[in-house]
Structure formats: structure tokens, C-alpha cells
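Given these sequences and hints, build the entire structure.
One point on numbering: in UniProt numbering, the residue at position 118 of the sequence shown is 118, and numbering is uninterrupted.
Be aware that a few hints might be false.
Unchecked claim - Here are the simulated lysine-lysine pairs, DSS-like style, with alpha carbons at most 27 Å apart: (1) Lys627 to Lys695; (2) Lys151 to Lys615; (3) Lys13 to Lys90; (4) Lys664 to Lys250; (5) Lys559 to Lys393; (6) Lys193 to Lys123; (7) Lys110 to Lys28; (8) Lys627 to Lys678; (9) Lys193 to Lys110; (10) Lys253 to Lys678; (11) Lys85 to Lys53; (12) Lys648 to Lys615; (13) Lys638 to Lys253; (14) Lys615 to Lys559; (15) Lys648 to Lys28; (16) Lys511 to Lys590; (17) Lys377 to Lys534; (18) Lys695 to Lys664; (19) Lys13 to Lys53; (20) Lys559 to Lys592; (21) Lys253 to Lys193; (22) Lys400 to Lys592; (23) Lys543 to Lys592; (24) Lys393 to Lys91; (25) Lys403 to Lys590; (26) Lys648 to Lys13; (27) Lys511 to Lys306; (28) Lys534 to Lys559.
Said to hold, decoys possible - Simulated DEER-style distance windows between Cβ atoms: (29) Lys253 to Thr509: 51 to 57 Å; (30) Asn112 to Thr7: 16 to 22 Å; (31) Lys567 to Asp332: 16 to 22 Å; (32) Asp338 to Arg8: 40 to 46 Å; (33) Phe81 to Arg8: 31 to 37 Å; (34) Gly235 to Asn63: 35 to 41 Å; (35) Arg8 to Gly235: 46 to 52 Å; (36) Lys253 to Asp219: 18 to 24 Å; (37) Ser665 to Glu95: 53 to 59 Å; (38) Asn493 to Gly339: 35 to 41 Å; (39) Lys567 to Asn493: 24 to 30 Å.
For the record, the hints were derived by calculation from the structure and aren't laboratory data. These numbers come from a predicted model, not from an experiment. Here a beta-carbon is modelled for each residue, glycine too, at the ideal position from N, C-alpha and C.
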Amino acid sequence: DSSLKVTRVDFLKSQNTQQHHTDGYNIKNLVVRRGQRFQLQVSLNRELRADDKLSLRFGIGENPMKNRGSLLSLKPEREDFNGWKISLVKKDGKECLLSVTSAPNAPVGKYNLHVKTGTNIYKPENGVIYLLFNPWCEDDVVYMANEAQKKEYVLNDTGYIYVGSAYSIYDRPWNFGQFEEFVLDACMYLLDKSKLSLNERRDPANVSRAMSALVNANDDNGVVLGSWSGNYIGGTSPMDWIGSVTILQKYYKTKKPVKYGQCWVFAGVLNTVMRCLGVPSRCVSTFDSAHDTEENLTVDIYLNEKGEKLNISFDSVWNFHVWNDVWMKRSDIPNGFDGWQAIDSTPQEQSQGRFQCGPCPVKAVKEGDVYLPYDSKFVYAEVNADRVYWLVKKVNGRDKYYKIATETQDIGKKISTKAVGQNRREDITWEYKYPEGSKEERMSMQRAYSFIRPSGLMPRSGYASTVQTLGGNTQPLVLNEPVTKTGLHIEINNTEPLHPGNPLEIAITVKVSTPGNWTIDLTGSCQLQYYTGKVQANLGTTKETINLEGPSEMQIPLKIAPDAYMKTLSSVEDEVLILVTAIAEVRETKDKLTKETSMRFQYPPITVQMPETAKLYNDFPCAFIFKNKLNVILENCKLLVEGLGIFKMTTFDMGDIMPGRIMKSEIICTPTRLGERKIVAKLISNQIKGISTEKGITI
Numbered sequence: 001d002s003s004l005k006v007t008r009v010d011f012l013k014s015q016n017t018q019q020h021h022t023d024g025y026n027i028k029n030l031v032v033r034r035g036q037r038f039q040l041q042v043s044l045n046r047e048l049r050a051d052d053k054l055s056l057r058f059g060i061g062e063n064p065m066k067n068r069g070s071l072l073s074l075k076p077e078r079e080d081f082n083g084w085k086i087s088l089v090k091k092d093g094k095e096c097l098l099s100v101t102s103a104p105n106a107p108v109g110k111y112n113l114h115v116k117t118g119t120n121i122y123k124p125e126n127g128v129i130y131l132l133f134n135p136w137c138e139d140d141v142v143y144m145a146n147e148a149q150k151k152e153y154v155l156n157d158t159g160y161i162y163v164g165s166a167y168s169i170y171d172r173p174w175n176f177g178q179f180e181e182f183v184l185d186a187c188m189y190l191l192d193k194s195k196l197s198l199n200e201r202r203d204p205a206n207v208s209r210a211m212s213a214l215v216n217a218n219d220d221n222g223v224v225l226g227s228w229s230g231n232y233i234g235g236t237s238p239m240d241w242i243g244s245v246t247i248l249q250k251y252y253k254t255k256k257p258v259k260y261g262q263c264w265v266f267a268g269v270l271n272t273v274m275r276c277l278g279v280p281s282r283c284v285s286t287f288d289s290a291h292d293t294e295e296n297l298t299v300d301i302y303l304n305e306k307g308e309k310l311n312i313s314f315d316s317v318w319n320f321h322v323w324n325d326v327w328m329k330r331s332d333i334p335n336g337f338d339g340w341q342a343i344d345s346t347p348q349e350q351s352q353g354r355f356q357c358g359p360c361p362v363k364a365v366k367e368g369d370v371y372l373p374y375d376s377k378f379v380y381a382e383v384n385a386d387r388v389y390w391l392v393k394k395v396n397g398r399d400k401y402y403k404i405a406t407e408t409q410d411i412g413k414k415i416s417t418k419a420v421g422q423n424r425r426e427d428i429t430w431e432y433k434y435p436e437g438s439k440e441e442r443m444s445m446q447r448a449y450s451f452i453r454p455s456g457l458m459p460r461s462g463y464a465s466t467v468q469t470l471g472g473n474t475q476p477l478v479l480n481e482p483v484t485k486t487g488l489h490i491e492i493n494n495t496e497p498l499h500p501g502n503p504l505e506i507a508i509t510v511k512v513s514t515p516g517n518w519t520i521d522l523t524g525s526c527q528l529q530y531y532t533g534k535v536q537a538n539l540g541t542t543k544e545t546i547n548l549e550g551p552s553e554m555q556i557p558l559k560i561a562p563d564a565y566m567k568t569l570s571s572v573e574d575e576v577l578i579l580v581t582a583i584a585e586v587r588e589t590k591d592k593l594t595k596e597t598s599m600r601f602q603y604p605p606i607t608v609q610m611p612e613t614a615k616l617y618n619d620f621p622c623a624f625i626f627k628n629k630l631n632v633i634l635e636n637c638k639l640l641v642e643g644l645g646i647f648k649m650t651t652f653d654m655g656d657i658m659p660g661r662i663m664k665s666e667i668i669c670t671p672t673r674l675g676e677r678k679i680v681a682k683l684i685s686n687q688i689k690g691i692s693t694e695k696g697i698t699i
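This is the structure in C-alpha cells:
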């Protein structure tokens with residue numbers, strides 16, 4: 001029988017994956033990027049003759065069909081099919097070397113390869129080929145020219161997420177782990193679950209929007225279930241994750257949402273998913289981010305007469321919020337908006353009936369073109385709203401509201417991401433906004449307002465019926481700090497390190513720059529709040545009347561004893577921040593000014609001891625040392641450790657650590673991958689929600 005049969009297909013995995021920058025994926029199958037050639041070695045039962053019919057069939061989806069474009073039949077003699085190319089590179093006896101180039105806009109996903117010879121069909125083992133987006137291909141819409149950027153935004157499997165507050169930003173190391181076992185499969189499962197049509201899978205705009213919906217569990221049983229309740233029984237507290245790998249592996253195994261996440265967890269996981277699929281992606285943190293529920297570009301903050309913030313507003317300012325930028329050309333909107341696009345998987349508001357957000361061109365936010373898809377009004381408000389302060393006074397037993405200040409430069413500060421190729425924070429505020437107060441910023445703002453049309457001036461709390469009408473339009477198109485007759489200015493600082501267990505020593509500095517004798521009433525308050533702006537506890541207030549001979553300044557101390565806050569600190573599962581609010585009023589001129597600052601507690605460090613280099617598959621020791629320099633017992637301590645390619649995620653129970661005691665913990669690492677690797681560790685206890693550390697090693 002001389003009918004032609006295939007005896008074997010060699011996917012030439014090591015050569016192909018190196019050329020396609022996919023050699024990191026921990027998977028048996030071949031992973032390649034679209035628009036770039038890869039080679040296959042086909043072994044036959046006899047030599048290939050001129051009249052033999054041989055074709056490679058690539059099928060995608062449940063029931064691949066030619067007329068639907070889900071089955072591609074490639075014949076070497078007919079080179080081009082749907083933008084895919086195939087050619088016979090060389091024949092050598094019974095061996096054929098074939099070269100295949102997929103279309104640069106091919107749908108991404110899993111393709112089943114069969115080889116047809118005459119009437120025979122050969123199904124190779126591990127014959128599923130994974131096709132990804134290709135930032136190295138000039139014809140792919142995710143093309144990124146800069147090599148260092150691709151290394152960071154596509155290939156780097158570790159990084160940082162910036163959290164804290166504008167006053168004290170810190171980096172939280174995060175293991176993205178897009179190459180780890182089952183992570184690619186989890187992403188492919190999400191693609192199938194997204195119900196995107198084959199055609200929609202060609203465009204990263206559709207894919208990134210679908211992934212922003214699927215990374216949260218709302219309305220589609222997605223990856224992570226969000227919770228800001230402060231009670232995480234039956235799941236993992238959002239503070240206790242140090243990477244995406246455990247989350248995606250668990251989700252892929254159970255197909256059920258993983259509990260629990262907050263914004264940095266959603267952003268960390270979405271970053272993993274996008275990098276894994278081949279779309280350049282970065283985590284972006286915005287400090288003092290507005291969560292404005294009615295697109296009217298103002299966020300209302302209510303203070304009582306002691307200067308304490310009240311939890312009655314529908315909208316809020318988060319100390320920080322984290323989303324993602326993905327890189328692509330947008331073919332669905334007018335020219336000029338290619339490049340970074342913001343996507344956000346934290347479930348905040350529905351967009352087209354689902355909890356999804358983006359892709360929104362970062363350039364559209366900067367220019368005020370907030371009519372462009374998707375969700376650009378929402379993203380614009382997050383970084384550009386005004387903060388309006390209202391004083392709530394009891395008058396004849398009813399609450400009355402008095403507007404005391406509008407702060408136009410407070411929202412959307414210090415927009416941050418990890419720098420390319422360096423372990424440091426890069427400020428990218430300029431990509432999202434023109435400089436505050438510049439002519440371009442005013443024009444951009446006027447443009448944005450023309451599409452948003454703020455809806456009236458009532459503060460939007462459930463108590464709006466008792467509002468004193470204050471008249472006038474609050475649209476501040478003049479964007480400088482409120483100019484006061486006295487040049488009143490407030491600064492808030494801590495004068496001692498903010499260590500849990502010590503008194504919190506804060507100073508409120510009041511300055512006047514205009515000559516004259518001024519009497520100033522100062523109200524200051526200190527509270528504990530979640531990063532979402534929700535107040536957890538009132539710690540103390542101060543009320544002073546001071547006389548200043550301008551120009552001069554005076555420092556008013558605000559001191560909080562440990563007993564006032566330690567109980568709250570130990571009972572909540574989230575990290576809380578110290579919120580200090582000050583209101584100053586000059587009696588002679590009725591000038592009013594409000595200032596608030598959030599600060600984070602400061603903790604002693606963990607040190608890591610391990611060699612600088614190690615050899616593949618050769619064990620090496622790694623030690624973590626922590627000295628409790630605080631005046632409190634750290635109860636119920638746990639050490640979380642993960643090193644991609646060197647140490648699987650493990651949690652160690654460390655018990656209680658007494659003040660002054662040193663904890664030392666040693667592990668043995670086995671490197672299974674070459675190159676720059678990193679160990680990441682985090683210590684958590686009832687009193688401290690997370691001291692992170694990391695150290696690099698070359699394998």
C-alpha cells in the first residue's frame with residue numbers, strides 16, 4: 001500500500017519557542033505568537049511525490065468548519081489562506097520540514113493540528129497549538145517597538161504594585177507568574193468562557209474588555225470575588241496574597257471564584273492574564289482616586305463640627321486605586337488614540353450591563369475626549385474630579401450642610417507604575433494629565449465638561465433634602481488653590497515614626513503669608529480609615545484658637561495614645577491608614593481651608609539571606625530574619641514565601657513574636673528555571689497586615 005501516511009510530527013519546540021519568546025511557558029504544548037513563522041518536521045512512511053496531497057489543518061473551537069473560518073486547511077503548493085502562509089522548506093528522504101506563518105490578525109486561542117494525506121488524517125500527540133498576540137510583529141496591533149519595554153511589559157513575571165497613600169507610597173512586590181503551570185490554560189478557559197466570537201478574538205480591545213469582566217466574579221463567575229467587608233472567613237484575606245499564580249491555578253482547578261480580592265489583587269491577576277496572552281500590560285496605581293457614582297465630577301466629603309469625616313457619602317476618594325494599562329492600536333475609534341489603554345477589573349460600576357471597564361485610551365483622558373469607548377468618562381472622573389467639603393451642623397435638631405471648600409488639585413495624584421527594567425517607581429501622571437493649572441489642562445477640562453455636563457450642585461447623600469442652597473456654579477475652571485485674603489495654608493506631618501504600639505505624634509502647621517494680626521480657629525481630627533476612604537475609628541480631635549502675626553506659622557501638636565487605636569488595629573483584617581483632617585477659619589476674613597492627609601503605619605523590615613547566584617537543580621538555603629522592634633506582641637504571625645521557578649508558594653505559622661524578639665526562618669530552594677529569579681516574602685499578624693520583602697538571585 002503506497003498511500004501516504006504521517007508517522008510523526010515534531011513541533012521543534014525548543015527552536016520555535018525561543019524565536020517566539022514563549023520558551024518560558026511551563027506547558028507540554030507548542031506556544032507560538034501570531035504573524036510569525038514557526039517550523040514543523042513531518043515524518044512520512046515514504047518519500048513525498050509531486051502528486052501527493054498533503055495539508056495541515058488548524059481547527060479552533062468546538063466544531064471547526066471551513067465556511068466559518070474556524071478550520072484552516074493549508075497546502076504547501078497554495079501558499080496563502082486567510083492570511084496564513086505555509087511552505088515546504090526542505091525534503092530529506094521521508095522527512096519534510098514545513099514552515100507556517102499565521103495571520104498577524106489571527107484569532108488567539110487553542111488550535112488543534114491534524115495532518116491530512118490523501119484520505120488519511122494523522123492526529124499528533126499534544127497536537128494543540130496555543131496562538132498568542134505578538135508584540136514583536138510589526139503587523140500585529142499590539143506591536144511594541146522598544147525591546148526593553150517588551151521585556152518588562154510582556155516577559156517580566158514579577159513586579160510591584162504601588163499602594164499606601166500619596167503622602168507615603170510603598171511598593172508591594174507581586175508575582176505575576178504568567179509562565180507558571182496551568183496559568184496559560186486558565187487564560188484559555190477564560191477566553192472560551194468570554195463567549196467572544198472568533199472574529200472578536202482577533203482584536204485585543206475586545207479581549208482586554210472581556211478579561212476585565214472575567215477577572216472579577218460579579219455576573220459571570222469570574223476569577224476573584226471582591227470583598228471590602230473586613231471579614232474574610234472562608235477565604236483568603238486580600239492582604240494575604242503575594243501573587244496571581246495560586247489564584248489562577250485554584251480557579252482553573254475548581255472553576256469557582258477565589259475568595260477574596262481588592263483592587264490590587266484584581267489588577268495583579270488581570271496583568272498576569274494580559275501578559276500571558278501576549279498583550280503588553282502594566283499595573284497602574286492612582287493616589288487619591290475618585291470613585292464618583294454619578295459622573296458629575298465632584299466628590300462630596302462630609303465633616304462634623306469636630307472635623308471628623310462622616311461615612312455618609314455615596315461617592316468616595318480611595319487613598320489609592322489600581323488598574324491596568326494595555327498597549328495596542330485601536331482600529332475601532334478615530335486615529336490618534338493608539339498606545340496605552342486603561343482597563344479595570346475591580347467591580348465598581350456596570351458598563352453595558354457587566355462589571356467591566358475599558359479599554360479607554362489614556363490619551364483620551366489627557367485630552368478630555370471622554371466620548372470615546374470604553375468608559376472614558378468613568379476613568380476621567382477617577383483622576384480629575386474635584387473634592388467638595390461640606391460641614392454638617394445640627395440646627396434645631398436637624399442636619400444642615402455648609403459648603404466649606406472645593407479642592408481642585410487633589411484627585412488623581414502620583415499615578416505610578418514600575419519603571420522599565422528597574423526596580424523603582426515611575427511617575428506617569430503626565431501620560432494621564434497635563435500639568436495642574438496649565439492652559440492645556442484647562443482646555444482639556446473644558447472639553448471633558450462639554451461631554452459630561454455636571455448635574456447640579458446638591459451634595460448627593462441620603463440627607464440632601466436639608467441642604468442649604470449655596471447658589472453659584474461650582475465648576476472651577478480656574479484651577480489654582482483657593483486664593484485667600486490671608487494666604488492661609490495648612491501642612492500635616494508626623495513628627496515621630498508611626499510605629500504600631502507607640503503614640504501617634506502628628507503636627508498641624510498653620511501658615512499665613514499676609515501681614516496683619518489674624519485670629520484662627522483650628523479644628524483637627526485623627527481617624528483610622530480603609531484605603532477605600534471608609535472611616536473605621538475616631539481616635540481624637542483638637543480645637544485651638546491661635547493668633548498669628550503674618551507672615552508666620554505655628555505648629556499645633558495632635559497626639560494619640562496607643563490605647564486609642566491598638567484594639568481597632570488588631571481587630572480588622574485590612575490594612576488601615578491614619579487620616580488627619582484639619583479645618584482652619586480666619587475670624588477676621590471668614591477665610592476657610594480644609595486639608596487632609598493619609599499616612600501609613602511604619603514597620604520594622606524583614607531581611608533575606610541567600611546567595612547571589614545558584615546552579616540549576618542545585619538546592620540552596622534562604623533565611624528570613626525579622627526583629628520585632630515594636631512595643632507590642634505580634635500575635636498569630638504567618639510568613640508567606642514564593643519564588644517563581646525556585647520555591648512553591650508556602651505559608652509558615654510563626655506563632656506570636658514578643659517585643660525585642662528575633663524570628664529566623666530557613667527554607668531550602670530548588671531552582672528549576674534559569675535567569676534572574678526572585679524570592680518574595682510577606683509577614684502578617686493580627687497587628688500588622690503585611691511587611692513585604694524580596695531578593696533577587698541569578699540561576
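We went through each hint and held it up to the structure:
Taking the CA atoms of lysine 627 and lysine 695, the gap is near 18 Å; set against the 27 Å cutoff, the hint holds. Note on lysine 151 and lysine 615: the hinted pairing holds, with a Cα-Cα distance of about 23 Å set against a maximum of 27 Å. Between the alpha carbons of lysine 13 and lysine 90 the distance comes to roughly 18 Å, so the proposed pair stays at or under 27 Å and holds. Annotation: proposed proximity of lysine 664 to lysine 250 is violated, straight-line Cα distance about 30 Å (limit 27 Å).
A hinted pair counts as satisfied when its Cα atoms are at most 27 Å apart, and lysine 559 with lysine 393 qualifies at roughly 26 Å. Taken as a hint, the lysine 193 and lysine 123 pair is honoured in the structure, with Cα atoms around 26 Å apart against an allowance of 27 Å. With a CA separation close to 13 Å, the supplied pair lysine 110 and lysine 28 stays within the 27 Å bound. Taken as a hint, the lysine 627 and lysine 678 pair is honoured in the structure, with Cα atoms around 23 Å apart against an allowance of 27 Å.
With a C-alpha separation of about 13 Å, the suggested pairing of lysine 193 with lysine 110 holds against the 27 Å cut-off. Annotation: proposed proximity of lysine 253 to lysine 678 holds, straight-line Cα distance about 26 Å (limit 27 Å). With a C-alpha separation of about 17 Å, the suggested pairing of lysine 85 with lysine 53 holds against the 27 Å cut-off. Restraint check: the Cα-Cα separation between lysine 648 and lysine 615 comes to about 18 Å, which is no more than 27 Å; the hinted pair holds.
Between lysine 638 and lysine 253, the direct Cα distance comes to roughly 25 Å. Compliance with the 27 Å bound is thereby established for this hinted pair. Straight-line distance between C-alpha atoms of lysine 615 and lysine 559 comes to about 53 Å, which puts the hinted pair past the 27 Å bound. In summary, the hint linking lysine 648 to lysine 28 is supported, as the alpha carbons are separated by about 20 Å, within the 27 Å threshold. Straight-line distance between C-alpha atoms of lysine 511 and lysine 590 comes to about 16 Å, which keeps the hinted pair within the 27 Å bound.
Among the hinted pairs, lysine 377 with lysine 534 is consistent with the structure: their alpha-carbon atoms are about 24 Å apart, no more than 27 Å. With a CA separation close to 16 Å, the supplied pair lysine 695 and lysine 664 stays within the 27 Å bound. Straight-line distance between C-alpha atoms of lysine 13 and lysine 53 comes to about 26 Å, which keeps the hinted pair within the 27 Å bound. Between the alpha carbons of lysine 559 and lysine 592 the distance comes to roughly 24 Å, so the proposed pair stays at or under 27 Å and holds.
Between lysine 253 and lysine 193 the CA atoms are separated by roughly 15 Å; this keeps the pair inside 27 Å, and the hint holds. Taken as a hint, the lysine 400 and lysine 592 pair is honoured in the structure, with Cα atoms around 18 Å apart against an allowance of 27 Å. At most 27 Å may separate the alpha-carbon atoms for a hinted pair to count; lysine 543 and lysine 592 meet this at roughly 15 Å. For a cut-off of 27 Å, the pair hint linking lysine 393 to lysine 91 is broken: about 88 Å separates their Cα positions.
Among the hinted pairs, lysine 403 with lysine 590 is consistent with the structure: their alpha-carbon atoms are about 13 Å apart, no more than 27 Å. Using a Cα cut-off of 27 Å, the hinted pair lysine 648 and lysine 13 holds, with the two alpha carbons roughly 26 Å apart. The suggested pairing of lysine 511 with lysine 306 holds, with an alpha-carbon distance near 21 Å, which does not exceed 27 Å. At most 27 Å may separate the alpha-carbon atoms for a hinted pair to count; lysine 534 and lysine 559 meet this at roughly 22 Å.
In this structure the hint that lysine 253 and threonine 509 lie 51 to 57 Å apart at CB holds, the actual value being about 55 Å. The given range of 16 to 22 Å is respected by asparagine 112 and threonine 7, whose C-beta atoms sit roughly 19 Å from each other. Distance hint for lysine 567 and aspartate 332: a CB-CB separation of about 53 Å, inconsistent with the stated range 16 to 22 Å. A C-beta distance of roughly 44 Å is found between aspartate 338 and arginine 8, which places it inside the suggested range of 40 to 46 Å.
The hinted range of 31 to 37 Å is not satisfied by phenylalanine 81 and arginine 8, whose Cβ atoms lie roughly 24 Å apart. For glycine 235 paired with asparagine 63, a C-beta distance near 38 Å keeps the hint of 35 to 41 Å intact. Between arginine 8 and glycine 235 the C-beta distance comes to about 47 Å, which sits within the given range of 46 to 52 Å. Between lysine 253 and aspartate 219 the Cβ separation comes to about 22 Å, which falls inside the hinted range of 18 to 24 Å.
At about 55 Å, the beta-carbon gap between serine 665 and glutamate 95 stays in the expected band of 53 to 59 Å. Hint check: asparagine 493 to glycine 339, Cβ distance near 38 Å, so the stated range 35 to 41 Å holds. For lysine 567 paired with asparagine 493, a C-beta distance near 26 Å keeps the hint of 24 to 30 Å intact.
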